[in-house]
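**Student:** As a plain string of letters, each chain reads:
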Amino acid sequence: MTVVKEVKIENKILRQKKKGKSKLSLILNTGILGWFLIFSVWSVVSYFSDPLFLPSPLATLKGAIEIASDGSLFIYMGYSFARVFAGWTLGLLIAVPTGLLLGTNPFVRSLLAPIVNFVRFIPPLAFITLFMLWFGIGEQSKVFLIVYATFFVITINTFTGVLSISKDKLRSAQIIGATKFQTLIYVIIPATIPYIFTGAKLAMGSSFMAIIGAEMVAAKEGIGFMIWNARLYFKTEWIFVGLVVLGLMGFLMDRLFTYLGKKLLSRYKVVS
Amino acid sequence: MTAVEDAIVLKNGSKTFQEDAENPVYVLENINLTIKKGEFYILLGPSGCGKSTLLNIFAGFLDLSDGDLQIITSNKTNRNSCGFVFQSADSALFPWLTVEENISFGLKMKKMPLEERREIAEYYIKLTGLTGHGKKFPDNLSGGMKQRVQLARVLANEPEILLMDEPFGALDAMTRRSMQKELIRIWRETNKTVIFVTHDIQEAILLGQRIGIMSIGPSSKITSSYEINLPYPRDITSIEFNKYYRQVQAHFEDINLQIEER
Ligand SMILES: Nc1ncnc2c1ncn2[C@@H]1O[C@H](COP(=O)(O)OP(=O)(O)OP(=O)(O)O)[C@@H](O)[C@H]1O
Ligand SMILES: [Mg+2]
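The listed protein sequences correspond, in order, to chains A and E.
Quick note on numbering: the first sequence equals residues 43 to 314 in this note's numbering.
Quick note on numbering: the second sequence equals residues 1385 to 1646 in this note's numbering.
Treat the hints with care, as some may be off.
[To be verified] Restraint-style ranges between C-beta atoms, simulated for each label pair:
hint: 1; chain 1: E; residue 1: L1446; chain 2: A; residue 2: K222; range: 17 to 25 Å
hint: 2; chain 1: E; residue 1: R1569; chain 2: A; residue 2: P156; range: 27 to 35 Å
hint: 3; chain 1: A; residue 1: P165; chain 2: E; residue 2: D1523; range: 36 to 44 Å
hint: 4; chain 1: E; residue 1: S1431; chain 2: A; residue 2: S208; range: 15 to 23 Å
hint: 5; chain 1: A; residue 1: L306; chain 2: E; residue 2: S1431; range: 39 to 47 Å
hint: 6; chain 1: E; residue 1: K1510; chain 2: A; residue 2: L306; range: 27 to 35 Å
[What the hints assert, rightly or not] Heads up, incomplete: computed chain A residues facing chain E, CB under 10 Å, no partners named:
hint: 7; residue: I217
hint: 8; residue: I218
hint: 9; residue: G219
hint: 10; residue: Y228
hint: 11; residue: K305
hint: 12; residue: L307
[Said to hold, decoys possible] Just a sample of chain A residues kept apart from chain E, beta carbon distances all over 12 Å, derived:
hint: 13; residue: F95
hint: 14; residue: A168
hint: 15; residue: E181
hint: 16; residue: V229
hint: 17; residue: F293
hint: 18; residue: Y310
hint: 19; residue: K311
These aren't lab readings, by the way, just hints derived from the structure by calculation.
In this text, all values refer to a predicted model and were calculated from it rather than measured experimentally.
Glycine residues also receive a C-beta, built at the ideal position from the N, C-alpha and C atoms.
Turn these sequences into a full structure, and let the hints steer you where they fit.
**Tutor:** Laid out in structure tokens, this is it:
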């Protein structure tokens, strides 16, 4: 009897220990500690430096209120977001079928893969001037730039996904007499969804890079324009506002996308 | 009484893989094999001898390089009358579909209405001992249960010929034993022709009516054949069982000697 009791007590202690640990890891997981650290360092360093060189967090906040008060901050955010969203969606719509085609058709693959592997190393920013020449200085050139920025990541992920489907799955479909089209719809696409999802997520990052570049060079609105424009007024804190806003927008989009993915695509085991 | 019909007739079947022009891989050479309707046939042989290759040829996944293959089934569409159970359920099942959806996948491809599909799936869930697991996803099942799902998925298409490639090879001894029993039960209930690949002698004698032993590759053949005249269910501890075991084992020792000589 006594032995049993001892074991129970030990278990209890163990459990308490575990609980304490999980609380700490819960706090760590929120990332609050990391942010706190960054803000502290930022505050201290900016205290000793010229605000034109490195504005403090407080100055940045004031700057944010300043640009937000006439609504321009939100309008800029809206512009940047709309461009990214449009380009990314369009890119997804073009890249997924391309990736599926490359993955399923050896002929197309041997025809296009070398080209894809050449062009994908040309960064979107290198195309800005060319795209402006081709598509004008309006929204079109910016959206197409983002399409370009998303295209390769998603295409390559999709087609890697198709190629990594196990032979047994395809044969399982083959032996029960599934048509090529049925195999595509009911086996190849579902099996590739996690890869497409990862590709789409990575492409979001490239979209932001491309749009900021494009807005710096040729735009009258948007976060990129705001950052570029700040230099004219010696408003370093606006640049910081832009950086923070960019991070925030990317973070929120990524979170929302991951959340939706996990909700709607849970059976396909999308990983975040 | 009419003679038992043939299910598979292979004449002078050979298979060569042409990896590159200079180095062809001769896997199977001049294989002659006739399998009767309703027979439980075992292909037994050392690893790498070409058992899977032969089974894949029967399934239509691979073509013969030479020779003639006939799959005789009552319906006209030849190849769909085979079902294939792969060694790894993880790579064969569709993880995004539930157990029930996996089992009725083939019926869905044949555009059978949902209600009917469900009914049939339910029947095979019961037959394979998966009652209560229909709504689960394969990832949440044990290895043995996943293999049951694969078996049910194949059976649901009502194939006349069941091709099984080391289906229990990855299972632990206890699960394997119970799956073997179930398979015999299902085979006797459904009267299917079964071709079962294994390299486990005990499994071969426990399950098969006839065992074809393949020689080591390259250019493997079916060198000898054993009829196992024991009633089902078989008792692996019985004297008769052991007699067969010794026979086949001795044969295998010869093969192993051959391997060592190389
Ligand atoms: N696609 C292929 N191209 C070239 N060689 C192949 C191919 N598939 C199989 N082989 C070769 O054919 C031989 C037989 O392979 P197979 O998979 O049929 O053997 P097995 O008897 O099923 O072996 P195991 O018991 O290990 O599963 C092997 O030597 C293998 O290397
Ligand atoms: Mg094999």
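**Student:** Please go over all the hints and tell whether each is borne out by the structure.
**Tutor:** Now for the hints, and whether the structure bears them out:
L1446 of chain E and K222 of chain A have their C-beta atoms about 19 Å apart, which keeps the hinted 17 to 25 Å range intact. Distance hint for R1569 of chain E and P156 of chain A: a CB-CB separation of about 55 Å, inconsistent with the stated range 27 to 35 Å. In this structure the supplied range 36 to 44 Å holds for P165 of chain A paired with D1523 of chain E, their Cβ-Cβ distance being about 39 Å. Taken as a hint, the range 15 to 23 Å holds for the pair S1431 of chain E and S208 of chain A, whose Cβ atoms sit roughly 20 Å apart.
In this structure the hint that L306 of chain A and S1431 of chain E lie 39 to 47 Å apart at CB holds, the actual value being about 44 Å. A hinted range of 27 to 35 Å holds for the C-beta pair K1510 of chain E and L306 of chain A, which are about 32 Å apart. Against a cut-off of 10 Å between C-beta atoms, the interface hint on I217 of chain A holds, since the closest Cβ of chain E lies about 5 Å away. Using the Cβ-Cβ criterion of 10 Å, the hint placing I218 of chain A at the interface with chain E is satisfied: the shortest such distance is roughly 4 Å.
Because the smallest distance between the Cβ of G219 of chain A and any Cβ of chain E comes to about 4 Å, under 10 Å, the interface hint for this residue holds. About 7 Å separates the beta-carbon of Y228 of chain A from the nearest beta-carbon of chain E, less than 10 Å, and the hint is met. Given hint, K305 of chain A at the interface with chain E, is violated; its Cβ is 15 Å from that chain's nearest Cβ, farther than 10 Å. The interface hint given for L307 of chain A is met, as the beta carbon of that residue sits about 9 Å from the closest beta carbon of chain E, less than 10 Å.
For F95 of chain A, the shortest C-beta to C-beta distance to chain E comes to about 54 Å, beyond the 12 Å cut-off, and the non-interface label holds. The beta carbon of A168 of chain A is kept farther than 12 Å from every beta carbon of chain E, the shortest such distance being approximately 39 Å. Residue placement check: E181 of chain A keeps its beta carbon more than 12 Å from all beta carbons of chain E (closest about 38 Å). V229 of chain A, annotated as away from the interface, has a beta carbon of chain E within 12 Å; the closest lies near 7 Å.
Distance check for F293 of chain A against chain E: the nearest CB is about 29 Å away, which clears 12 Å, and the non-interface claim stands. At roughly 5 Å, the least C-beta separation between Y310 of chain A and chain E is not larger than 12 Å, which violates its mark as non-interface. Non-interface call for K311 of chain A relative to chain E: violated, since the shortest CB-CB distance, roughly 7 Å, does not exceed 12 Å.
Of the numbered hints stated above, those contradicted by the structure are hints 2, 11, 16, 18 and 19, listed in ascending order.
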